[in-house]
Each structure stands twice: as structure tokens, then as C-alpha cells.
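Chains B and C: place on chain A using the hints.
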Amino acid sequence: MNLWNILLDTLTQGSIYFLIAVGLTMVYGILKILHIAHAAVYTVGAGVGLAVFRLTGNFWISLVAAMGVSGLVGVLIYRGVYFYMLDQPRIVPLITSVGLFLLMQDLLQKPFLMGPYQHAFPAQDVFPSVRLPWGDVPSAQVMILVLTAATLMGLYLLFTRTRLGLAWQAASMDRDMAGAVGINLNRAVALNFLLGSALAGAAGVLVGVFYNSVYATMGDVPSYKAFVVIVLGGMGSVSGTVVASFLLALAETVLLSFVGYVLPRDAIAFLVLILVLMFRPQGLLGRS
Amino acid sequence: MGYLVSVMTFASIWAVLALSLNILTGYAGQVSLGHAAFFGIGAYTSAMLAVKAGWSFWPAFVAAILITGMVGALLGLPSLRVRHDFLVLATMGINFVVVAVFKYVDFFGGALGIIGIQKPQIFGWTLRGWGFLGLALAYLLLSLWVSDYLRRTWAGLAFATVREDEEAAEAMGVSVPRFKIYAFAISAALAGGAGSLYAHFLGSIFPDHFAFVESIGIMSMVVLGGLGTLRGPVVGAFALKILPEYLRVVGDYRYTLYGGVLVLMMLFQPQGILGEGSWLWRRVHTWRDRLRGRRVFSPERRPSVTAPPTNPSTPSPPSNPGRGVLQGEADEHEER
Amino acid sequence: MSTRKGDGLLEVRQLSRHFGGLRAVDNVSFQVHTGEIVGLIGPNGAGKTTVFNLISGFLKPTRGTIHFRGQPIHGRRPNAIARLGIGRTFQIVKPFAQLTVRENVLAGLGHGIYPSLDALRRHYHNPKALARADAILAEVGLASYADARAGTLPIGLQRRLEIARALALNPVLLLLDESAAGLTHQEVEELGELVRALPARGITILLVEHNMRFAMRLCERIIVLNQGQILAEGPPTAIQKDPAVIEAYLGHSGLGHLPSASRR
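Chains as they are written, first to last, in this note's numbering: chain A, 1 to 288; chain B, 1 to 336; chain C, 1 to 264.
Since the hints were derived computationally from the structure, they do not count as laboratory data.
Facing chain A, from chain B, some residues (calculated, C-beta under 10 Å): (1) F86; (2) V88; (3) G93; (4) V97; (5) G260; (6) L262; (7) M265.
In silico DSSO-like pairs for lysine-lysine, Cα to Cα no more than 30 Å straight-line: (8) K103/B x K110/A; (9) K119/B x K52/B; (10) K94/C x K32/A; (11) K94/C x K128/C; (12) K60/C x K94/C; (13) K103/B x K52/B.
Glycine is no exception: its CB is placed at the ideal position from the N, C-alpha and C atoms.
In isolation and in its complexed conformation, chain A is listed as follows:
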């Protein structure tokens, strides 16, 4: 395992974690809800992307369709369920989210949806592979890195330069006050869910293509890793999520390549979670 591979793996994994976790942190920032069902939205994106790809053979159309459907599902979850729970104690939307996740994932496993099988997602070489003097970057990884970079740029501009982004920031600091100064909370939250869920759907497609595998329970691992990421980065902080995504990926890659198979890769994330919650619950970048 040379340095270049470690770097590349870290960047790729980190990008994936980021794309999944960012929607989660956006929702938490604005609603203070742990949207566990987010992982199911991710799986829906993968499934829709694959279905559209089978119909059209075009990667880009599939990606857009997946993002659209995922975004819609996210908004529906907000407007149809969470919306009625905003004033309840936090445990209520939390339990609801868990229930939604379980429900959605169980339904996805039924034969009439994704079934209990693994499907291939043979979208080959959408991007060119890149030859660099010190190593190659395969096509699949180029895809992920390029799209993530574009997303980061877009999000940065959105949060800092647009009124919507400002509204999101305001609402995440003080929801009632934001409403009081005239921000249309309902619309801001709905758009927040839309974007966050769409990004998760995109992540689903990218992961499906990258590993050439789509299956109903692929949301299991992201469901908790995304949480590790947002807790590590500071709940509600998008920049924190960026840092934490890559840190977690780095920790996993390094541990795996140097220390070997002491613990399964996934358990590492959990230990990190428990440690962070015990000793620095505000995350690395959060304020206590």
C-alpha cells in the first residue's frame, strides 16, 4: 500500500462520506432532528439511478433522476411527517426517523422493489482516467472527486452568497427568531431537505457505480457512519462535516493498511463515535 493509494482512497472514501453526511448535517442544523431515515433516501437514490440507467443507458440522466426523486422523497418526509412534530420533545421525531428508516429499508428489500439481491451498475468510464506523474487516478475515482469538488463549490456559494443560504444559517442559530424576522421557514426547510436528500441520492448513485453494486440494505453502513461524521465534525456544521469526512476516511484507511484486520473497518467508526461523544460531544470544530 503506497502513499499515493492511501491518499487516493482517503479522498475517495472521504468524498463519499461527505456527500452522504452533508444532507444529514444540514437537516440537523436547521431542525435539530437526527434524520436517520436519510440513509434510506440514499438507497432510494441508488435504486432509482440504476433503474433509469437500465432504461436510458445514460449516466447523467440517471444521476439527475436519482437526485430528483431522492430530493422529493426527502421533502415528503419533512412535509408529511416531521412537520407535525417540530414542537414535540426531541425524542419524538427521533423515534419517528428510526421507524421511517426501518420501514423504508424493509420495503426496499421486497421483491417488487429492489429485492434481496445485489445488482450491478455498469456505468463504465463516464469520466476519463487521469495519468499523473506519481500515479494514476482511475475513472471511477475521478468521477467521485470531480463531482464532490463541484458540490463543495456549489454549497459554499449557496451558503455564503445566496439569501437561501443566509436563511439556513439564521434558522440553524435560532429558528423562532428567523421566523420572526420574516424568513419563510417552511420553504427554507423544505429546500434544505430537498438539497440534502438530493445529495444523498447522488451519493447513492456514485457509490453504486464505484462499487458496481446496488442493494437494498446498502444504507446500513452509511446510516451510522454518517452519524459518526456529523458528530465528529460538529452537528449542524457543514465545514465540520467536510473535515470529519476526510478524517474518518483517513483513520480507516491508515488503520486498515498498517494495522491490519484487528477490527472490522466499520467498528472503527463506532469506537470513534463513542469516544467523541464521551470526550468531545461538540465535535472537533463545534463550539461547546
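Chains B and C only, in chain A's frame:
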């Protein structure tokens, strides 16, 4: 018939699990989505003592309760640092780590689990079928008694204060960390006993029996029936265990059912179908009062500030400080 | 340890609490003697509630000491301090909302039992505890609300419940944090009567107040805090005339004039 007995046995075991979670979440307000971990620790403790150390059921059962209780106290430490959402995440994490330990550490049998766990024996008679059901029901009754007793003690009152407002609890002389650990320990101990029963009933256990999804199932049972009550967890457990067995269609969609129950209950009756102030429980109460010939009085109507003063010489029964974390706001919505 | 009137019950020495760069409490020293009613006033942000939180154990001092009946209590846990005999109310009321009014008081009555394993054994709903709880409720005028759920009470009654709960601790020192806030004129009068009767029962009072009239009329001695430091200390008549105090108030929330304490 044998099938029914078997289903009832499982239901009884899960009812104990639900009651134990009720103590932790309903009484003390510590939301845990990792309770299956304690279930597993009890099961594995008992199974390994029986299979690898040759213990008979009864000492293994007691050991499972004690050891799981102690581990529960330890695993409750995160609750001293984090609350609410963060605590939920921590308990989820603990669940995953515990299952991972069972799966990947050879000492616990790994993915192959533990098999060949013998049935309990009492005075030479092997308990199976009806016999085991009797044992399970006895443990359920014990758990009910413990839950009820605990609720009436000063500790039960302390749990309620911790749930309602930790700072105010401290200001009343309640050591919040101490009582959180008590709640975890007692809750885990009860769950550990259930685990032991499970292991000896099934004869073989595997790590995935105690996965996160089971924790969700237990929470669903408590939430369905009514968090904070005694009747709620038991009714919820029996409903969610028996229904899938007898409605084949439901059985295939078991997890959809669990998830759906949670969502629907949270939307419409967060206090559970038999929780305080629920639509059904109020009907039951009114019926009961009618049957007893009393003036029909709605027990959930809160005395308003202008209501006539109650007679101070007749002490009223404890108002159930074991009510859950979902009450107040839910009732607010009720009165709409 | 007996405490006669006049003894130093609470001794705060060079107490400081910093939050990063902010000095919320800065080198504060004062004493409260047995049987006194002392007021702690100051403009918003002066650090009054922080001082309370430091005394009652909810915050650890950055520097300085707090002694109660001669024993150091700084840095000890709130529940231990409560059991030593210091009761407090909170600026924003914190009732145990789902419990009844009576149960709220019962919660405080258990302070002696909570540390022992007996708490897991003994029932709280026993005749002795009930009698004591009802007596306290009668004393604060909440007897007719005993079975109401605490969360449903209006603010005035909730403030009284806070005091009732604190009294359940059998306290020697009572810290009242803005107990008059949000009350009607009539309610403030009643509160004043209640508080004035307490020292005769052996309860010393230290109160934080924004309601100047209330504080001036009730307290024998006033300590003025401003930006974390003690600005002035003395009887109400002296404080009212103190130019530094007037400056502090006019410069901040603009109080106009401080009401005279002569109308008793």
C-alpha cells in the same frame, strides 16, 4: 398448540425486555436504542456458562442477571456525558460494538454463535413447552413487580426528577449520575435475565439476534403500548410478537410493521395506545368508573387554577411519576 | 454546628469565574450572616446568577473560595450542596412538569435518603412525608393545587412551588433567583410576606432581584454587582444614594431612580 405456547413464551420474554427499557427510558428518561445489547450480554453470559463451564441453568440465569447489571452500569457511563440525541447515538454505537465483539472475537463463538444450550431443569424435571412458558411468565410477573415497586420508591421519584429536569433534580439533592447508573444497571439486569431465558429456550444463539434492529423492535413495543406505564410495554410486546406470527402477511413485513408503528404512534398517539391520556385509556377509565358506579370523572382532566380546592385530608394515590418523556406536549395536542 | 444570628454563614472570598476571555464574576468577596435577608442586585449581565450557580455548585470557580458554615463547598456537586442545607430557586422556573405539585415537594423531602441504597427500598408515599409536604404547601399557599400537574400552573404559582421545593430541603440558606419576576403587584406583596417570615424559622436569605422596590423593602443589606465586580455594599438607604450605583444603572438599562426603602 405447541406453536402458540412457543409464541407466548417469546412474547413474555420480550415483554420483560420492554419493561426493562421502560425503566430506563420511561422512568429515568434516558433514551436508549441499544437495549438489545443487554439482551445479548445476558444471553451470551448464560449460554457460555452453561455450555463452556458446565453450569446448570439456575446459577447461569442468576449470573446473567448480575453480570449484565454490572456491565449495564458501565455502559451507562456515556449518559453522564451526553443527553437526548447524542445519547441515542451512543447507545446505538454500543449496540453495534457489542454485536461486533460477539461476531469477531473467537472467545464468544464468532459468527457461529453458541449452540447446544440445555433446557432448565427443576427437581429433575426438564422445562420445555408449558413448563418453560410458566418460567417465562413467572419472570414476567417478577419484572412487573419490580417495575411497580421501583416506581413507588424514593429512587423511582428520583428517576422522575432526572427525567423531567436534571438541574432541578440536583438542586433537590438527587445525584443525577448515581441515579442514571442505577437506571442502567437495573434495566440491564432485567434484560439480562430475559436474555438467559431466550438462550436456554432457543438452544442456540447468534450475534445477529441482538442487532440494532432488535433494539428498535423493543422500543417500538414500549412506544406502542405506552411509555412510562406498566401495562403499555407488556401489551405492546405481546401485540408485536403475536401479530406477525398469526398474520402471515404481517409476518413477512415484520420490520415494516415495527417501523410503521413507530411513525404512526409518534404522529397520532405519542403516549402509546394505552398510555396516560390516550384515547383508548380514557375510554377504559370511563368504563371502569361506570362499572364501579362512580360519578363519571375524567382522570386526565387537569384541575384548572379556578377549580374548587380538593379536600386536603384525603391523600390521593401516587400520580404515576413513571409517566414517560412523551406526556406533556402530547397532551397539549390532545386538548386541541 | 449551631449558627446563632450574626454568625458568618456563607463566606465568599475572591470568587472568580471566567468564560474564556469573559470575566463573568471577578474577585468577588462578601459574607452572609445567619438570620439576614441580603439582596444581590445589579444591571443585566452583572454576574448575579453566575454567583448563585457558583454557590449552589452548578459552576466551578475559576478562582476563589466559598465556605458554608465553615466548610468549603466550592467545586462540590449541586446535590451535595443541596443536602448541606442550601436551597435555591431558578431564574427560569424549572418545575418537574409531569409530576404533581405535591410530588415536586416530595422530591425535595427525599434529600436525606437519595444517597443511600434505602432509596431503592422505601416508598416515598408514606404518611410522614405526605404530612410534611402538605405542611409546606400550606405554608406557601399551594395546598389547593397539591394534585395539579406542576406544568399546568401559571407562573406566579410556579414561582411559589420553586420556593416550596427548596423549603423541602430544610435549608439553612435559601438562594432566591429573581423570584418576583413576572409576578403581579399583589403576588409580589404576598411573596414579600412569605420571605420576610423565613428568618424567624432559621432560614437565611440571599436573593437576586431586578425588582428594585421588592429588594429595597425586603433586604437589610444590599450588595451591588456590576460587570462581575462588587460595586457597593450596605443598607438600602445608603445604596440608593450611592452615585456609582446610580451611574451603573443609568448607564445600562436606565432605571431612572431607585425607589426609596422608607415605605415599609
